[in-house]
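2 protein chains.
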Amino acid sequence: MSVMKEIKDYFTEIMRLNYVQSLLGWDQEVNMMGYKTVEGRSEQSALLSQLIHQRLVSDKASKLIKEAEKRKDLNDIDAAMLREAKRAYDQEVKLPEELVVEITKTAALSQQVWQKARQNKDFKSFIPLLEKTVELQKEKAEKLGTFPDLYSTLIDLYEPSATYKWISNIFNPIKPKLTDFIKKLNTSSNKPDDSILRKKYDVDKQFELSVEIIKKLNFDLQAGRQDRSTHPFTSSLSSMDTRITTRTKEDFLNECIFGTIHECGHALYEMGIKKELHDTILGTGTSLGIHESQSRTLENFVGRSKEFWTYWYPTFQKYFPEILKNYPLEEFHRSINCVQPSFIRVNADEVTYGLHVILRFEIEKDLIDGKIQISELPEVWNSKFEEFFGIVPPDDAEGVLQDIHWGMGMIGYFPTYFLGTLFGAQIYNKALEERPNLPEEYKRGEFSGIVNYLRENVHQHGSVYRAGDLIKRVTGEDLNPDYFMKYIENKFYPIYGL
Amino acid sequence: MSVMKEIKDYFTEIMRLNYVQSLLGWDQEVNMMGYKTVEGRSEQSALLSQLIHQRLVSDKASKLIKEAEKRKDLNDIDAAMLREAKRAYDQEVKLPEELVVEITKTAALSQQVWQKARQNKDFKSFIPLLEKTVELQKEKAEKLGTFPDLYSTLIDLYEPSATYKWISNIFNPIKPKLTDFIKKLNTSSNKPDDSILRKKYDVDKQFELSVEIIKKLNFDLQAGRQDRSTHPFTSSLSSMDTRITTRTKEDFLNECIFGTIHECGHALYEMGIKKELHDTILGTGTSLGIHESQSRTLENFVGRSKEFWTYWYPTFQKYFPEILKNYPLEEFHRSINCVQPSFIRVNADEVTYGLHVILRFEIEKDLIDGKIQISELPEVWNSKFEEFFGIVPPDDAEGVLQDIHWGMGMIGYFPTYFLGTLFGAQIYNKALEERPNLPEEYKRGEFSGIVNYLRENVHQHGSVYRAGDLIKRVTGEDLNPDYFMKYIENKFYPIYGL
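Here the protein sequences come in this chain order: A and W.
Converting from the first sequence to the numbering used here requires adding 3 to each position, the first position being numbered 1.
Converting from the second sequence to the numbering used here requires adding 3 to each position, the first position being numbered 1.
Only chain A is shown next, with the shape it has when bound in the complex (with noise of 0.2 Å):
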């Protein structure tokens, strides 16, 4: 057996091991709710990860990745293979077994703990196990030492060779952009509002209509499921097993709606990784910003487009003739498309949602260099927010508890949000270049077009390229936010009349 097959068949192990701990993780989100049984899989958690763990850094992984890296031959395959599977043993040799057991055990313990205090409105209850977390996490980045500073170490593991510095050069000149478009859309004497979206709708019905749209967008009910959770997510338990949540609320109909074909776009992602790739290191998404480019291009750049509810309106005005029979498609599509303030990241607009992203990548920098204290987060988030927004949010539910990130210990993570729209704004500004067809098709239903380029150029390679080497390949440049701008100059000034 050649080296690179032994390699291959060696991760697939791991991968699914990694498969099964996911799927602890999805049965605990979706499913568990007695609070008696959390001890129990926090401890098989823990066992799983130190599986993997021990698996990660054998002699055996070490010595084949030695081996390969004799090789000169590789094809393009092959080395992402060698390359991913280094870079996940580098990582992991540094980190002792029992500090990763204890992460993992700490994660699923904190979930539930966190789930109980956005319950309660309770970030007290909450402090003690996310100091502990927090502890971990800059013991790890430590540990890894990957950059000097901690916070880009604990960056790269959701978004490989981002660094802190690399995401404020662009973060920091879009900030004041941003804040000045609102400001220039606020002047607006026409201004959209979304009254009509939080009215009363059933929420099963919500549920229902949202299984509709996600299989119009190409999810495969034979290779995934929708269920609902507190917080929703996308978690692939295999490569033919890729499940979605959402979650229903039933006076503001986007949390479902856009939550679904949000989180569909994530999926789309998984689902579309070519069959060679299924199973090993490379079967999953390059990079979580990646990730997000997809499921925010599904979701807004599609998903709140005018031409996607010229086909979607009459199918709602079915579910829900009490409410919408009578209102204007033109309103409801402005109203999807109103810019304001608000304070729960998941459901903001897409301009504003930047500003959700760069709040938390400041407060994270901060935390992890030790200038805030985990009791005074609620504080800091608050008067962050009223600086950023001008509004503070009733309670730490809606404020500092609303994210899941934290608990799980995923400092580093929220970056990655916005850059994934960031580099959704320039692959999607590609795809219209190349198919100016696309928008016409979404109005009679049509969306493999889409999906199709995003399968061809972005799905189907996995993590083949990184995030860097991918943007360039299908745009022809790097990262550029430009485009992003431009894309909301270009809908929301006609929507403001501006």
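Any given hint might turn out to be false.
Note that the list lumps identical chains together, so a pair holds whenever it fits in one copy or between two copies.
Claimed, not checked - Calculated lysine-lysine pairs in the BS3-like style (CA-CA distance at most 25 Å, straight line):
hint, residue 1, residue 2
1, Lys-8, Lys-108
2, Lys-219, Lys-39
3, Lys-494, Lys-75
4, Lys-278, Lys-39
5, Lys-218, Lys-39
6, Lys-108, Lys-135
7, Lys-141, Lys-252
8, Lys-277, Lys-119
9, Lys-252, Lys-494
Please keep in mind that the hints were generated in silico from the structure rather than gathered at the bench.
Starting from the structure of chain A, add chain W where the hints point.
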């Protein structure tokens, strides 16, 4: 660390992997609908089996067991722990890793094929996988060689120490007694009929009601769940996470109600195991026969008693007023105790149930002895069914395809179902001797009395005592089928006015 502590911890890790394996199975039965997902899941499941196998047969396991065997001062629990560890090691070490993996992979695939075959009433499509499954089981039995005959070796996997001969000696005399008893009931001029159970009962209401019932029966929803699946089952995903499933049929109330109470009986066993044994190799029911004794006690001795329904019937009348409002309790109780031939084992009344099991027991024996070919199964089933019950299933879904067991490779499992009834009758007889007021308590909706009796005498001990020791400990004698015969005589003669 003492050697017993080491054994405990070592096998706790194995138990945790088993729990994870159970989650893979639970998820597949409850959640996974897409046919494309099956292969990936089957690979994951096989990988886990392999890891579990490797740990069971490791040098470390062998060394620990040998060392512990030198100790003369073991208490009851430690001695039992060593006994079970040794049993697990001795069995597993005889099985080649490839065989273990192959069996798991085949079972995961087979489960899905069975579901489809059953749905389509198409036995033929199931033949190849079933043939493979049975061959693998025969191979497994040959390697194990626990008893000279293969079938006893397989039975022993589910009911330790039970053999074909021992079970035959119990079943053979009871078979004609049951047949005679049924004939006797048939002479009644006042037979109950169950048409009231076959009206149209809203399935969601049935499910809701079933949750009310299990709550009242002390099922702890903080340490478990109830879901729906094709075939009802109980699965422990840790010592604090026991899940049951049920199925609903609009036009047959029994399916959901008695199925739920049955699985609840299994769950209470797992939930009642004392903390000291949690997640250890002793932290599960001691044999499938004893397990079934707990489920059938709840389902039948408690759940089909007049006193139980004195409490529950008004609630049922509230749930289904159109059907039950004017139907008297007396008649309803008679209808759920209608003894008659039927096709589906899990829905059978408590008298004919034993014959369903004996039929499978006889077929399994011939199957393993090679006296029947897989392709002949439907024919053999149907002709035997006519011989036992005087009726022939209309199709294979109501015949040979109704149960999942053979497809999953669980041959030797069926006899434990009727053994369970017999164990249960004997234990319940003792419970009533010691606490004659129990039935009066049911009338008031109090079920803690019976549950605590079972917890104290059976549940808490997990696998500390083998079935044979336990029955003697609780009742003072060996398994004695007379208690069951006496029970049905005392119960059904009055119902049938004989």
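Each hint tested on the structure:
{"no.": "1", "hint": "Lys-8 - Lys-108", "result": "between (33 Å within a copy, 22 Å between copies)"}
{"no.": "2", "hint": "Lys-219 - Lys-39", "result": "between (40 Å within a copy, 19 Å between copies)"}
{"no.": "3", "hint": "Lys-494 - Lys-75", "result": "neither (49 Å within a copy, 82 Å between copies)"}
{"no.": "4", "hint": "Lys-278 - Lys-39", "result": "between (40 Å within a copy, 13 Å between copies)"}
{"no.": "5", "hint": "Lys-218 - Lys-39", "result": "between (37 Å within a copy, 16 Å between copies)"}
{"no.": "6", "hint": "Lys-108 - Lys-135", "result": "within (11 Å within a copy, 40 Å between copies)"}
{"no.": "7", "hint": "Lys-141 - Lys-252", "result": "neither (36 Å within a copy, 55 Å between copies)"}
{"no.": "8", "hint": "Lys-277 - Lys-119", "result": "neither (40 Å within a copy, 28 Å between copies)"}
{"no.": "9", "hint": "Lys-252 - Lys-494", "result": "neither (27 Å within a copy, 53 Å between copies)"}
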